[in-house]
Amino acid sequence: MKKVYVNEKWCLGCHLCEYNCAFANSGEKNMVKALKDKEIHPRIHVEEDGKITYAVSCRHCEDPVCVKCCISGALSKKDGVVKIDKNKCVGCFTCVLVCPYGAVSPAEGHAATKCELCLENACGSPACVKGCPNKAIVYEER
Amino acid sequence: MNDIYINPEFEVVRNDSRCIRCRVCERQCANEVHSFDADGKVMISDESKCVNCQRCVSLCPTHSLKIVKSDCRLKENANWQDQTIKEIYKQANSGGVLLSSMGNPNPLPVYWDKILINASQVTNPSIDPLREPMETKVFLGKKPSVIDRDCNGEIINNLTPQIELSMPVMFSAMSYGSISYNAHKSLALAAQKLGILYNTGEGGLHEDFYVYGDNTIVQVASGRFGVHEKYLMAGKAIEIKMGQGAKPGIGGHLPGAKIVGDVSKTRMIPEGSDAISPAPHHDIYSIEDLRQLVYSLKEATAYKKPVIVKVAAVHNIAAIASGIARSGADIIAIDGFRGGTGAAPTRIRDNVGIPIELALAAVDKRLRDEGIRNNVSLVVGGSIRSAADVVKAIALGADACYIATAAVLALGCHLCRTCQTGKCNWGIATQNPELVKRLNPEIGSQRLINLMTAWQHEIKELMGGMGINSIEALRGNRLMLRGVGLNEKELEILGISHAGQ
Chain D
1 MKKVYVNEKW CLGCHLCEYN CAFANSGEKN MVKALKDKEI HPRIHVEEDG
51 KITYAVSCRH CEDPVCVKCC ISGALSKKDG VVKIDKNKCV GCFTCVLVCP
101 YGAVSPAEGH AATKCELCLE NACGSPACVK GCPNKAIVYE ER
Chain G
1001 MNDIYINPEF EVVRNDSRCI RCRVCERQCA NEVHSFDADG KVMISDESKC
1051 VNCQRCVSLC PTHSLKIVKS DCRLKENANW QDQTIKEIYK QANSGGVLLS
1101 SMGNPNPLPV YWDKILINAS QVTNPSIDPL REPMETKVFL GKKPSVIDRD
1151 CNGEIINNLT PQIELSMPVM FSAMSYGSIS YNAHKSLALA AQKLGILYNT
1201 GEGGLHEDFY VYGDNTIVQV ASGRFGVHEK YLMAGKAIEI KMGQGAKPGI
1251 GGHLPGAKIV GDVSKTRMIP EGSDAISPAP HHDIYSIEDL RQLVYSLKEA
1301 TAYKKPVIVK VAAVHNIAAI ASGIARSGAD IIAIDGFRGG TGAAPTRIRD
1351 NVGIPIELAL AAVDKRLRDE GIRNNVSLVV GGSIRSAADV VKAIALGADA
1401 CYIATAAVLA LGCHLCRTCQ TGKCNWGIAT QNPELVKRLN PEIGSQRLIN
1451 LMTAWQHEIK ELMGGMGINS IEALRGNRLM LRGVGLNEKE LEILGISHAG
1501 Q
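As they're listed, the protein sequences go chains D and G. The first sequence begins at 1 in the working numbering and counts up by one. The second sequence begins at 1001 in the working numbering and counts up by one.
Isolated chain G, as found in the complex:
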């Protein structure tokens, strides 16, 4: 039913004195906002279809377009805000659960922005990364607690399989299906060139991408889509996905419309059938059950692959992580409540889960207190936005960070948050061949490489400023952090002092 209560959210503003009627906007808009009226020789806009992805703005050769938020608002009300009322209208019209994409956009605290980094002055020298060696390499996996020696006193290698990363950042899980073939290829190519890893998400691994296996984390999630022995053996590590920061406690649903061609083949499900990942793993109802799956996967891959267990940051995350650290997992990945998604119920995305900063600090402390921190490496994600966030995460105790929103931004995403429509004008969150081809992996991978190279330089600069020359020396080094504008409890959980102390 056409909803008369919902007005267009955006306005297309065209500077007609600049428009040359090249109609690029019309050709590039999959939402069919723009059209050309041949009689009047004017461009027309249907703003009700606009999602503010700004593809037209970017491609307009004379910069004659801008998309602005409509100022047609309902009467101001601090309690019943415009957005809140519009959501009521939408649900009164559809009777359905509201869906959203990407991360939680609400103004909840971003602790990274309230944490400041130290620098050396006078009494301890800072280091110039352009003149002196600076190590950003990290190894993820269980670290041995004892040194074993043979009868000649030579060290016996008792190291379990490790992941080697050139820098403490990986591309986190986005399935083939939720994002396009070209987006996956861009990530795979960039991961290989950078010496880091990308993650298949729960969509299986396209046969073309097995060649990037050494830079791939293969995911096993509750739907088990695309999981088979060759798949498990193909990756550098295996990730069991228990939860996702954007939608803790619920599963996933890739609509049948996106299960076409190679997506269907890769997921090993019929074309057109909905891919529904259950909320729980139906074989995991305890840490003991998790341990069974961890060891099943290790057994299946001859103990050659580290196993990652990914959970969403929720209440009691420290106790949950402690359990996982005892389950045989080599790495724990924690996804904060600002993490992205291709589609999630709005209420879940915006109200469930906790900030990654607090979860990370709590988990790292708990694992140290229990003397099991070396059992596992910690990877954190859920809106790591810059090299500074990475440095703060490492100093709070992380071994590495997962990025996905930042990665798709590098690929051209404009964060319009309508992935669920499948009409991504940037060729990322779509399976429509005409849209997928808009992302040339040659360009995409280079942009990812550029971004990561830039972050690596910045990480080195920040570390150098602190007088630290390796990631290893920064990890868990909370003395390098200070909080601003945080209360006693927040500082206590983060394990840092207030600025000025």
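Looking at chain D on its own, in the form it has when it is part of the complex:
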């Protein structure tokens, strides 16, 4: 199955992926309207330690602990993609706590949010990959 992978060697730490992610999942057609003066809740995060930078998003684990621990049945895995049903999510954030990659995060409102590979939004394929200026983020089979 195709997944989002990050090559640390080429990650510039520009954080464009975070903004492209937030935009893609905003439902808006214009980035300025979507993100201007707003706190963003991207589903990919650039981890930084000094000069090392690395974007991290959901690994869509084979046996995802977030799905196992979800008390409301909001998290599920379908066709290899771990998804979250925000209507079911009660906001206990156990998933945020247990995800070994820190790839699930609290968002606005009560629900948690995570990468769904842009399959549900208008982008169609991961916006972080499309917008990465240095091909550090790729969407491929491995």
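Worth double-checking, as some hints may not be accurate.
Partial list, derived from the structure: chain D residues whose beta carbon lies under 8 Å from chain G [what the hints assert, rightly or not]:
hint, residue
1, 14
2, 15
3, 51
4, 135
Think of the hints as simulated: they come from the structure by calculation, not from any bench. Just so you know, even glycine gets a beta-carbon here, dropped at the ideal spot from N, CA and C.
Add chain G to chain D, keeping to what the hints say.
Chain G in isolation, oriented as in the chain D frame:
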């Protein structure tokens, strides 16, 4: 000393109604122009540091930035122009030689733009390159003047080593040190895929790039940095660099700050030491001396590698080329005065040397007149900007062209002309690891391949229009060219007629 006389040259114009404060501009500017003020939640610019490389402009996701030339100018004066006065201020402040990068930006004549190409109409058919074969392959090297046959009448191969190119363009010399590892890798990868050659420049060959040897020209310049037997054997050809179009008559100076890690190892000099290439080769003071070096290099490589001698286009270039053609060199490379550089004294770059178009025409004619044109192939560089320039150069008598500025542009260079600072935001002219990684060779090489493929299509189209189906038939075919707006002397030197004739 902080110079109060120098105002910022550029203005950073931010359309604040679009800025989403993502701070990409801040993170991507190695010159530290942009910063974020957390209290006021606004982006701030320190324009005095801006070099107009436009990295921020390119990466801004909402296109809220533009860099414009500051209109804060000194009182207009046709003789003492703003730039001239600012240079006086700079030197009055520093006491130093002014440094510049890339090619001569002054409005001196570009003869390519005053030369027009012919096309077939009615009496001779043009050729459609999409339907008919069209040959862009060229071979560089000395061509035999006689056909030798054995006792059975079979032809004896008396051909000296040749360079085979899929199209008449090569990437010219840029050293590892002046440009980054990733820039070199992009060039090497692209040259291999395209079936052309790139050139190490005077920086040696990084051990990782020996695998691209068949697509590499290894350069031997006056500093002899990184030259050893394995290096000479690694390349497809060896180039002796006598001069460079951007700075004829002077050597090179790579500051110690750039001699780090692998650059130091590849150049075979200690870390932090300045790499100074002398102005002359200290063993070459005549054509005879040059001949000795040509044959030393041939001897060292068992006569398997063609030797290129690269010179800057200067006055009397025809006589110089005639000497080189008799020195045993297989190829002469001539670099015109608009050629690029990683750093050169401004006065030299802007005032020394001659246009490549005139140099090429003069050299080709001289070598023909003397009956030694077949001794050598001619490669020309110094601002070949498009496929049309290539076609015009071939028709003026070149065998192939060298491109470097066009190649680094394909890699993302925005021609801000501040290579000498080592803070290239595009990851090209820098050795800072955080900046070098901005150029992913996978992307870079593909962009170079795209550019060359596009040029090859255009060369074929232009040749087809003239009813010519191979580069061989175009070479030196000056009847295909006409000048516009040129005087008698210029036309005479170029060896072409005026448009309408």
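Against the structure, the hints come out as follows:
1. Using the Cβ-Cβ criterion of 8 Å, the hint placing residue 14 of chain D at the interface with chain G is satisfied: the shortest such distance is roughly 5 Å.
2. With 8 Å as the threshold, the beta carbon of residue 15 of chain D comes within range of chain G, its nearest partner Cβ sitting at about 6 Å, so the hint holds.
3. Interface restraint check: residue 51 of chain D against chain G, minimum CB-CB distance 6 Å, threshold 8 Å, status holds.
4. The beta carbon of residue 135 of chain D is positioned within 8 Å of a beta carbon in chain G (closest approach about 5 Å), and the interface hint is therefore held.
Of the numbered hints stated above, none is contradicted by the structure.
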